[in-house]
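Engineer: Chains as they are written, first to last, in my numbering: chain P, 253 to 515; chain V, 107 to 403.
Some hints could be false.
As the list claims (entries may be wrong) - Computed footprint of chain P on chain V; a stretch qualifies when at least three of its residues, placed anywhere within it, have a C-beta under 8 angstroms from a C-beta of chain P: (1) 270-276; (2) 286-295.
What the hints assert, rightly or not - Straight line, CA to CA, 30 angstroms or less: simulated DSS-like cross-link-like pairs of lysine-lysine: (3) V:Lys-268 with P:Lys-259; (4) P:Lys-401 with V:Lys-268; (5) P:Lys-271 with V:Lys-294; (6) P:Lys-378 with V:Lys-294; (7) P:Lys-501 with P:Lys-259.
Said to hold, decoys possible - Computed, partial: chain P to chain V, Cβ under 8 angstroms: (8) Arg-306; (9) Asn-323; (10) Asp-325; (11) Asp-331; (12) Leu-423.
In short, the hints are calculated from the structure, not lab data.
Don't be surprised by glycine CBs; every beta carbon is placed ideally from N, CA and C.
As a plain string of letters, each chain reads:
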Amino acid sequence: MTESILKVEQVSLAFGGVKALTDVSFDVKKGSVFSIIGPNGAGKTSMLNCISGRYQPNEGNVIFQGNNVTNLDPNDRADLGMGRTFQNLALFGHLSVLDNIMVGRHHLLKNNWLTGPLYWASGAQKEELEHRRIVEEVIDFLEISHIRKAVAGTLSYGLRKRVELARAMALNPKLILLDEPMAGMNLEEKEDMARYILDLNEEFDITVMMIEHDMGVVMDISHEVMVLDFGKKLISGLPDEVMADPHVKRAYLGIEDDLEEAS
Amino acid sequence: MNFELLTQLIVNGLIVGLLYGVIGMCFVLVYKSTKIVNFAQGEFLLIGAWVCWTALVYLELPFLLGFVLSLCFMAAFGILLQMVVLRPMIGEPIISVIMITIGLSIFFQSLMKWIFGVSPQSYPQVFDTQNINILGLNIEMAYLMSTVIAIIIMGAFYFFFKHSKHGLAMRATAFDQQVAQSLGISVKNVFAMSWAIAATVSATAGIVLGMVNGVSDSLSIMGIKVFPAVILGGLDSIVGAIAGGVIIGVLENVAEFVDSQYLHVGNMYDIAPFYVLLIILWFKPYGLFGTKDIERI
């Protein structure tokens with residue numbers, strides 16, 4: 253757990269005059285669960301978008317597995333092994349759960365525009381079956397086999413979040429970026445999701461980087477926590493250290509009482 | 107009532123309608139994946155037909171070779187057009203992009219007039235027999251070929267979208283570009299590919315129509331004629347485009363029949379589809395197969 257899979261070096265991002273991120277640097281260790289917390293508007297999702305390639309930072313570098321990916325398109329980063337989920341659900345609503353997850357295998361498909369239409373003759377069918385098998389593994393793992401034929405748009409919120417996670421996992425990512433995986437879930441769903449995140453981290457050896465507001469979950473499952481506030485990094489470290497930091501309490505948890513004494 | 111004429115016209119309508127459907131499919135394809143309403147669709151037909159004509163008449167290539175060469179040219183043309191003209195417009199207001207396609211339409215129409223002149227030209231004889239008789243109906247050989255080609259294209263579209271990697275990428279992009287990118291799909295390539303397909307398939311239709319009526323400016327009018335077909339089917343439905351195309355094709359010809367036999371107004375052939383379009387949109391504002399929440403211009 254010492255080698256870092258993702259290095260963010262002095263990233264700054266501005267939208268016109270609004271500075272979303274200022275000089276943020278951190279390392280995500282291979283095989284860890286890394287969480288970003290911070291109040292609304294702190295730049296957490298902006299940070300995630302800089303990493304996934306949705307935004308290009310104005311300054312600084314993003315190094316993924318030793319490659320500088322700062323100027324790559326999001327799809328190229330996905331090819332390198334970066335999966336992500338979105339804060340607001342982004343499933344293909346009219347497709348079945350199975351098909352949704354199959355789209356995640358897209359970048360691994362080898363058949364092209366010529367061999368694809370010759371479905372039976374060119375081996376495209378065989379290839380599809382092979383990918384189906386891997387998708388079934390993911391489906392089993394996330395325990396969504398009972399809904400695999402259901403149309404994604406008809407599922408409950410918690411299940412949709414799980415399908416979205418499955419789709420990101422189908423990419424065979426090395427690093428998975430989760431934007432509020434537990435937002436809007438009830439306690440039971442949150443517990444399930446926390447368990448899946450831990451399991452995929454351990455069993456599938458996927459490094460997890462997530463944004464989450466539920467402090468209980470964050471503290472329980474994270475190996476490292478970083479706090480952002482107004483686009484600046486306040487602190488990063490072990491969950492307990494971060495919780496104990498007076499600046500964090502002031503910025504995020506809203507406790508001001510013992511600030512004077514502590515600092 | 108003249109049944110023989112009516113049947114003949116309906117069959118003609120079906121054949122032309124399938125061709126409308128094919129052109130409409132290209133229109134929908136571009137709209138779905140890139141959200142651009144392509145007013146230069148008709149010019150693709152025109153350019154394709156002229157390129158093929160040049161290959162056949164000036165280079166004196168055999169028909170099949172000239173045909174395939176024109177399609178290759180159009181694929182490259184579509185990709186180039188997307189890369190040079192339309193890629194810089196990604197993220198710009200949709201109305202600006204539409205203005206650009208209107209501009210392209212005017213530009214290419216004039217360019218073709220400049221290069222090839224204004225008088226219609228006909229293709230060299232491709233088939234030995236011009237007309238064949240099926241079940242007592244007189245059908246032009248080129249139309250028969252167009253029907254076969256249209257059906258092949260539709261089948262190919264189906265398999266392409268259902269079973270190929272790129273088809274899947276296109277469907278994902280049509281749904282949500284951001285999500286598609288996060289799954290490793292290059293949106294730029296998808297855009298280029300949809301323009302290439304639209305240009306190639308439209309050119310096929312243009313060549314077929316050129317074989318029947320000769321190549322002239324009027325081919326580009328097909329781009330406008332397909333409009334009611336596409337809107338009727340719902341702007342974002344490929345099945346809808348085919349259905350809309352066939353309906354409009356048959357309708358035109360039935361209107362022609364009614365007009366020539368009873369009304370004697372003249373020009374019903376051109377006008378009727380738009381009347382019916384108005385009436386249908388009255389009851390189904392999103393077209394027959396369209397998604398309810400899409401934005402219209």
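Engineer: Would you mind marking each hint as holding or not holding in the structure?
Structural biologist: Comparing the hints with the structure gives:
no.: 1; hint: 270-276; in the structure: holds (count 6)
no.: 2; hint: 286-295; in the structure: holds (count 9)
no.: 3; hint: V:Lys-268 with P:Lys-259; in the structure: 39 angstroms, violated
no.: 4; hint: P:Lys-401 with V:Lys-268; in the structure: 17 angstroms, holds
no.: 5; hint: P:Lys-271 with V:Lys-294; in the structure: 29 angstroms, holds
no.: 6; hint: P:Lys-378 with V:Lys-294; in the structure: 29 angstroms, holds
no.: 7; hint: P:Lys-501 with P:Lys-259; in the structure: 26 angstroms, holds
no.: 8; hint: Arg-306; in the structure: 7 angstroms, holds
no.: 9; hint: Asn-323; in the structure: 14 angstroms, violated
no.: 10; hint: Asp-325; in the structure: 7 angstroms, holds
no.: 11; hint: Asp-331; in the structure: 5 angstroms, holds
no.: 12; hint: Leu-423; in the structure: 6 angstroms, holds
Hint violations for this structure: numbers 3 and 9, all remaining hints satisfied.
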